[in-house]
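Please build the complete structure, drawing on both the sequences and the hints.
Numbering follows our numbering, in which position 271 of the sequence shown is assigned residue number 271; successive positions increment by one, without gaps.
Don't read these hints as lab results, they were simulated from the structure.
Even for Gly, the Cβ is constructed at its ideal location relative to N, Cα and C.
Each hint should be verified, as a subset may be incorrect.
Cβ pair distances, simulated, as ranges [said to hold, decoys possible]:
(1) H49 x L217: 22 to 32 Å
(2) R68 x R364: 53 to 63 Å
(3) H239 x A262: 36 to 46 Å
(4) A327 x K97: 37 to 47 Å
(5) P52 x A17: 28 to 38 Å
(6) A262 x L290: 27 to 37 Å
(7) L37 x L217: 47 to 57 Å
(8) L37 x R364: 30 to 40 Å
(9) R68 x E206: 40 to 50 Å
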Amino acid sequence: MDNPSLITVPVPLGDRAYDILVGRGLIASAGARIAALGARAAAIVTDEHVGPLYAHALAASLEAQGLRVSVTALAPGEATKSYAGLERVCDAVLAAKIERGDLVVALGGGVIGDLAGFAAAVVRRGVRFVQVPTTLLSQVDSSVGGKTGINSRHGKNLVGAFHQPSLVIADTALLDTLPIREMRAGYAEVAKYGLIDDERFFAWCEGNWSGIFAGSLARDKAVAQSCRAKAAVVVRDEHETGDRALLNLGHTFGHALEKITAYDSARLVHGEGVAIGLALAFRFSASLGLCPLADAERVEAHLKATGLPTRLSQVPGGCGTVDELLAAMAQDKKVKGGALTFILARGIGQSFIAPGIEAETVRRFLASEIDA
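Below, the structure is given as structure tokens:
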């Protein structure tokens with residue numbers, strides 16, 4: 001299992017501590033690494049895009065270590081992260097006779113990771129699981145930190161559980177075949193970590209983003225640094241009662257846009273919603289006199305340079321009305337007492353939690369943005 005380019009990012013959560021492994025070609029040794037966790041069986045959950053590419057190799061790697069393996073492939077896309085999808089995965093895990101000491105292995109992007117992780121959290125009141133993320137977005141964000149769940153007709157990620165993985169294997173070579181749209185979507189989350197509290201990392205991203213896309217060592221560095229940043233927040237605030245909310249920079253706007261577009265990935269994928277949300281969060285901060293306009297313009301310029309959308313007018317099929325956007329935001333998990341909590345910024349790398357933002361203030365800002 002020796003790999004000289006392997007980067008290990010620890011997530012020190014006491015008896016639930018685990019490692020995030022980052023590097024090229026890790027799928028080849030995944031079986032040995034997963035078998036080392038001591039399970040006798042593994043239920044691989046994947047989707048119909050990723051499965052044909054990697055499920056056979058992963059299953060063979062696990063079987064070579066003596067594990068009994070099953071594979072369940074679901075339809076790709078956000079619509080799978082549903083009650084129906086959860087039922088199918090839970091039934092598949094039970095049919096595979098997965099016990100508490102065994103493993104569910106999530107092989108795919110954020111949808112599969114969230115769904116399989118939630119199933120692992122509730123089947124037999126909790127079985128272990130491993131994340132093998134196959135998109136940039138899932139490698140730097142959704143596979144780390146233990147937030148699992150599904151969507152409801154009321155909004156995104158409103159039904160779920162905190163359930164930490166036992167291991168995360170981020171094989172950056174898997175991103176070589178990722179469509180450019182998915183790379184861009186994942187990159188929005190990479191940039192987010194710099195915007196939250198690390199201006200130096202954001203500046204590094206401005207100079208190295210093309211290498212991340214191309215698969216140079218910059219990609220491994222970006223994934224590892226993003227994971228370190230998220231792990232540090234998770235260790236401080238595992239259940240999102242404080243600082244962890246900072247990881248939602250851009251997401252209050254982004255999640256509302258996903259709801260407005262009915263989670264239709266042909267119109268908008270999560271990272272595109274986040275990119276628009278990041279730009280909106282900085283422009284909103286600037287409009288409130290919190291953040292220099294130059295910083296908001298710098299954020300927008302960088303996201304545009306990578307090919308990401310930054311304006312409501314760029315949502316295919318429209319972003320809805322101001323009232324529709326506000327209604328979507330009203331179901332956000334950070335709403336307290338009917339008032340919205342936003343993650344705003346005093347500058348790049350200077351984000352903060354801003355509770356109690358009045359709806360009328362948001363309404364005026366959205367009205368100014370909707371036709372911009």
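Cβ distance range 37 to 47 Å for A327 and K97, holds or violated | At roughly 44 Å between Cβ atoms, K97 and A327 fall inside 37 to 47 Å, so the hint holds.
Check the following: the C-beta atoms of L37 and R364 are separated by a distance inside 30 to 40 Å.
-> The hinted range 30 to 40 Å is violated for L37 and R364, with Cβ atoms some 52 Å apart.
Falls inside 53 to 63 Å, the C-beta gap from R68 to R364?
-> For R68 and R364 the Cβ distance comes to about 59 Å; the hint holds.
State, for the Cβ atoms of P52 and A17, whether the hinted interval 28 to 38 Å holds or is violated.
-> The hinted range 28 to 38 Å holds for P52 and A17, with Cβ atoms some 34 Å apart.
Given the hint of 27 to 37 Å, check if A262 and L290 actually sit that far apart at their C-beta atoms.
-> Given a distance of about 33 Å, which is inside 27 to 37 Å, the answer is holds.
Does the Cβ distance between H239 and A262 fall inside 36 to 46 Å?
-> 29 Å, violated
Cβ-Cβ distance between L37 and L217: within 47 to 57 Å?
-> 28 Å, violated
Do the Cβ positions of R68 and E206 conform to the proposed distance bound of 40 to 50 Å?
-> 48 Å, holds
Cβ-Cβ distance between H49 and L217: within 22 to 32 Å?
-> This hint holds: roughly 27 Å between Cβ atoms.
The earlier numbered hints that this structure contradicts are 3, 7 and 8.
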